[in-house]
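For the record, the sequence lines run as chains A and B. Per numbering that gives the first Met the number 0, the very first residue in the first sequence carries number 0; after that it's consecutive. Per numbering that gives the first Met the number 0, the very first residue in the second sequence carries number 0; after that it's consecutive.
There could be a bad hint or two in this list.
Stated by the list, open to error - DEER-style ranges, computed between Cβ atoms: (1) A:Val453 <-> B:Glu87: 19 to 29 Å; (2) A:Glu251 <-> B:Ile29: 46 to 56 Å; (3) A:Ser387 <-> B:Ile29: 43 to 53 Å; (4) B:Ile119 <-> A:Ala376: 24 to 34 Å; (5) A:Glu394 <-> B:Ala113: 45 to 55 Å; (6) B:Ile29 <-> A:Val453: 38 to 48 Å; (7) B:Ile119 <-> A:Ser205: 27 to 37 Å; (8) A:Glu467 <-> B:Ala113: 19 to 29 Å; (9) B:Glu87 <-> A:Asp88: 32 to 42 Å; (10) B:Ile119 <-> A:Glu406: 18 to 28 Å.
Worth flagging that the hints you see were computed from the coordinates, not collected in a lab. In this text the structure is predicted, and so the values were computed from the model without any measurement. Built from N, CA and C at the ideal position, the CB exists for glycine as well.
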Amino acid sequence: MKEAIKFYRNEYWLVFPLLVSGGLGALGISVSSRFVMSGWAMAAGLVIMTGGLCYWSRNRYRMSLQATEQRLFEGLQQKNEEIIKALQDTHQEAVVQACAKQTEVERKHLKTLITDLAHRFDVLSKRLGGQEEEKLEQGEDVHSSVEAQIADLALRFDTLKIHLDQQPADTERQEQGIDGLDSLCQKVLPIWSSQVEMARVHTEESIADLAQRFDALSKRLDAAVMASQNAVGGDKDSDGGIVELLKDSQLELGTITKALGASLEEKEKLLSSIEGLSGYTEQLSKMAWEVSSIAAQTNLLALNAAIQSARAGDAGRGFSVVADEVRKLSRSSGDVGKKITETIESVSEAIEDTLAISRKFARQDEETLGNAEHIIASVLRRFSRAASGLSDSEELLRTENNAINYEISDVFVALQFQDRVSQILALVCDDLNKLEQHLNGLKNEDNSERSVNVEQWLEELAKTYTMEEQLTAHDGAKAEIKTNQTNITFF
Amino acid sequence: MAKTILFVEDSASVRQVMNSTLTREGYDVILACDGQDALTKLDGTKIHLIISDVNMPNMDGLTFVKAAKQLPAYKFTPIIMLTTETQEEKMNEGKAAGVKAWIVKPFQPAQLLAAVSQLIQA
């Protein structure tokens with residue numbers, strides 16, 4: 000194949016078709032001599048046909064060569080970019096993870112790849128250089144573009160080579176950096192650990208305090224609702240309450256108004272008795288008038304007796320003394336009768352006054368009783384309304400309390416996050432402590448054996464997890480905690 | 000008479016939450032901060048139910064449950080494990096040790112109380 004390419008490339012191939020066409024021409028002459036057709040004309044036709052065939056095959060070959068060349072170039076360019084990217088990634092990873100050995104292997108591998116690629120490009124370049132003259136004939140601009148790209152690629156590879164040559168020095172610097180990192184880790188890991196632990200303890204104390212406060216809040220609310228229930232009397236068990244008080248008050252106040260009414264009736268009776276007394280005073284006045292009348296008649300009788308005794312002379316002198324005494328008595332009786340009348344008048348006046356005052360008081364008492372009944376009814380109505388309002392408030396309070404208790408129950412669920420956070424942080428702390436101990440251990444060992452088995456470390460860490468979310472997070476996914484439903488398994 | 004529940008938990012906040020939840024429901028609650036502490040509370044006092052965490056310092060919950068089951072007075076006391084642990088192996092270990100229910104945190108107080116009520120009456 001190489002020979003064939005060389006043959007075509009060097010333009011020697013024209014000799015071959017000329018020889019073939021010459022031979023065929025000669026054959027044509029010899030054959031045509033036996034036929035009617037002119038031998039020279041046949042030879043000329045065969046030469047033209049063979050020449051055309053050779054020219055067509057040459058063009059086909061050139062086109063296929065150009066296409067192959069283009070594919071190879073594109074493939075190499077892509078591979079080159081991938082390698083550069085991989086190199087960058089590897090380099091970065093090496094810095095972060097401090098995997099000097101891995102980087103060295105990668106570097107060597109890449110160097111081999113690059114050298115190989117450079118060699119292949121060199122070969123390609125030379126081959127293209129050989130065809131330059133032909134290409135100039137066909138497509139000078141395409142060729143120059145390809146050449147420029149290859150030159151650019153070569154330049155980039157040179158840069159890459161220089162970069163790779165510099166890498167051992169970088170790796171050395173990284174190793175120096177890892178030593179620094181060890182010391183830093185030894186110092187900083189206990190600090191991180193203690194900080195995380197402090198945060199964990201602080202959170203735990205705060206959340207416990209918060210839970211206690213929520214509990215106290217809930218209890219106080221319960222107590223308030225209970226007090227309200229007792230005050231309103233809505234609770235079946237309670238024997239007090241404002242409703243009961245209202246009923247009792249209504250009953251007692253009714254008794255009082257009844258007692259007041261009864262007292263008023265008694266006063267009416269007393270009034271009629273007093274009015275009855277005024278009837279007796281009239282009888283007494285009449286009796287006093289009769290006494291005065293008897294006294295006047297007795298006086299007249301005594302006067303007649305005195306006249307008769309005077310007529311009798313000395314024999315009637317003693318009788319005259321008696322008549323005189325009788326007259327005196329009748330006068331005294333008349334005086335007594337007058338006094339009785341006066342006294343009865345005074346008593347009658349007093350009774351009239353008493354009656355008037357009593358009637359006035361009775362009216363006032365009636366009004367007072369009427370007012371009292373009205374006021375009591377009004378007060379009881381207002382009390383009843385207030386009690387009804389209180390009862391509604393108590394009902395509302397009870398509903399609100401239930402809602403708040405439900406909310407607090409949710410708060411209690413949310414507060415449990417602390418336990419989960421605490422466990423996660425405790426594991427992180429343990430792992431930090433483990434890393435610190437590991438670093439301390441490595442410091443005392445031979446430098447050549449300083450390595451960390453990352454996979455083993457991660458596996459051991461994964462074994463310490465208790466929650467699914469930790470495993471999810473460990474695998475790099477975002478973990479979500481479900482709190483809606485409690486996961487209960489009964490055995 | 001109020002039923003007594005022993006609650007073993009190293010997290011102060013969860014202890015507080017559970018104490019509130021259970022006392023509100025009328026249970027008497029005895030609190031312990033780890034397995035070792037809980038064993039000292041099993042001194043013959045009548046306990047109707049034990050609720051324990053799994054991962055705790057000094058003595059873990061499953062070791063405590065096994066130790067408690069050795070005590071004649073508490074051999075038949077129902078035990079609930081209340082934990083963040085979801086590994087099948089641990090659950091099977093608990094089941095083998097005589098645990099009646101396995102509740103994964105975070106728990107809804109109402110659902111936990113339902114489970115408690117169910118086991119305490121059984």
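Checklist entry - Can you name, in rising order, the numbers of the hints this structure does not satisfy? => result Numbers 4, 5 - these are the hints that the structure violates, sorted from lowest upward.
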